[in-house]
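Chains as they are written, first to last, in our numbering: chain A, 1 to 304; chain B, 1 to 315.
FYI, nobody ran anything at the bench for these hints, they're computed from the structure. This structure is a prediction, so every number in the text was calculated from the model and none was measured. Positions of the beta carbon are idealized from the N, C-alpha and C atoms, including for glycine. Hints are supplied without guarantee of correctness; some may be wrong.
As the list claims (entries may be wrong) - Pairwise CB distance ranges (calculated):
1) B:Ile56 with A:Pro248: 30 to 40 Å
2) B:Ile42 with A:Lys249: 26 to 36 Å
3) A:Gly262 with B:Gln264: 43 to 53 Å
4) A:Pro82 with B:Ile42: 45 to 55 Å
5) A:Leu139 with B:Gly84: 29 to 39 Å
6) A:Val89 with B:Leu35: 49 to 59 Å
7) A:Gln92 with B:Gln311: 53 to 63 Å
8) A:Trp212 with B:Leu227: 41 to 51 Å
9) A:Thr78 with B:Leu307: 49 to 59 Å
10) B:Ser259 with A:Val89: 25 to 35 Å
11) B:Arg121 with A:Ile141: 35 to 45 Å
12) B:Leu227 with A:Thr259: 46 to 56 Å
13) A:Gly262 with B:Arg85: 20 to 30 Å
14) B:Ile42 with A:Thr78: 55 to 65 Å
Stated by the list, open to error - Here chain B is said to cover these stretches of chain A; the calculated rule only asks that three of the stretch's residues, wherever they fall, bring their Cβ under 8 Å from a Cβ of chain B:
15) 35-49
16) 141-153
17) 230-237
18) 267-273
19) 280-287
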Amino acid sequence: MASTTIQKTPGISAAAPPPARSGSGGGRVQQDSRSFTIISRVLLIFFALLWLVPTLWAIRTSLVSNATASLGASAVLTDTSPTLHSYSVLLQSGDIWNWYMSSAITSVATVALTVLFASMAGFALSRMVFRGRKVVFILMIIGIMVPTQVLVVPIFRELSAMHLLNTYWSVILPQVPAVIAVFIFKQFFDGLPKEYEESARIDGAGFWRIYWSIILPLSRPVLSAVSILTFVTVWNNLILPLFTLSNPKLMTIPVGLATVQGSYGQRLADIQASAILGALPLIIIYFFFQRRIIEGVAGVGVKG
Amino acid sequence: MTTETPSLPRTRPPATSPPRAEAPTAVERERPAWLFLAPFSIMYLLFLVGPTIYMIVASLYNTSLVKSGLGTFAGLSNYVEVLGRPDFQSAMGHTVLFTVLTTPPLVILAFVFAVLANRIRRGQWFFRLAFFLPFVLPSASIALIWVFIFMPDTGLLNLVQGWLGMTPSAVLADPNWAMWGIAAATVWWTIGINFVLYLAGLQDVPREVYEAAAIDGASPWQQIRYLTIPLLGRTTTLVVLLQIIASLKIFDQVFLMTSGGPGQATQVALTFIAGVGFTDNRIGVASAASVVLFVVIMLIAAARQGLTRFQNARA
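The shape of chain A in the complex, shown without the other chains (with noise of 0.2 Å):
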């Protein structure tokens, strides 16, 4: 394994190197290959295209009335009257701005926490020698396995009786402990030249000072793809929130969205739309991070 996994990744978005073309293959697998290269991609455009269709298809109902997506499938396709009255009515509804809210709150607080904690703990295995290293480590391996959303009616509990429930410190403290960033970080910090350090170490910097402004400094695009990927791991956190959070102000996204089902009813179109402004920042996010936020999933695979 590479020092970084992070850093071993990147050839995921990097457009890769045309395949260099031996003209000493034969005729015959040359013909293969061509006719090879077409099925696959007329195969992989269709798979695509149909990957496409339940977003689209939200799309598209989510900008007809409600009376129109209540007629059903063939009607919302032949509409020819797109509205964004669905949207201007959750808009203005309010609701949606709480979750958002919510979700917003918990979601970057758990993201600084576990970035700050779990870089400092990270810190601490790359570069220190201490006893009960090796009982820290496999403590985090342990942790790594362990499935959270099993523990929820123990968290819930425990939430319970410090008096945390329809708090969002209930949604922000069970999340922080993110075992894996402590992994990520240490796998970055390790491949590090240690050259500064050894020179700050010489004026008489301390651990801290090394951490802070020299690591940290260096450390870009581990942080980086640390804070995507805790950001949206909490923001899609159902299970969690749904049972601590039960007044309707402070809700998340998606435990908003698991009421609109109920308390929409038939109000179809509006339902869709809601489902698509719950998934609108990760859209947006997507769009602005794709690259970090896929080397980063890969590189966590991989290694996790």
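Given chain A, work out where chain B should sit, using these hints.
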């Protein structure tokens, strides 16, 4: 390939660091390490170790949500109850069914898409958008979109079934098909992660291998059969195990799309646990069920860790 880099004469840093003026004692040296570890460790203890211990302890007591404290000691009776309950058995059965329905398409389709996409140089962004974007969207949006597609009589699926001359089906309302509907939505939603993992694996295969095979007259099918599939073996192991673990933890799609229904037809392990814990207020029984699921997932996760380490050691 960087193996051919000529070794330039460079000024190397001294092999040994200069001796320190005063050697700090062991405690002084170790204190900063623990200070750096402390914030994360506290959260780890509070929200991973603590709940795990509470779950194990509560599974041995008649703990209830409405009363504080653990309640009376129950021994293993919660386990006996859970393992004997038909609704827990069927929930575990549905969880396995979901895993069986989703894992093969999620692995095979992702592999095929990645192999095909890897041959196409231009427009990669389009395939990543199509296959990967759904993965970053909230499950709640996915559920709303798919429930609407599956809507009986008026949904898009029924319209397409009509075009194809098939009898329209009410997927999510039909106990025999509801899990298939959830599985289809899940395959659509999560294939992106496997697609990306396979693409990353493919990038690691040196191009020379294929060139050599092409020169030797191997057809594209032969190349895939005898080169790509074996060379991506590690990725496949990883993807399959990650997929199984993710499938065992399924909650969102079931909760949002069918709430375990119709009847109990799509009740899975985690919706069962949430129902017993939060609706029936029986924390002890829910904890026992959690321990069972926890152990199953940890065993598979440990197998995955072991395999990865073994493969890394061999590589």
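**Item:** Contradicted hints - numbers only
**Value:** Number 3 only.
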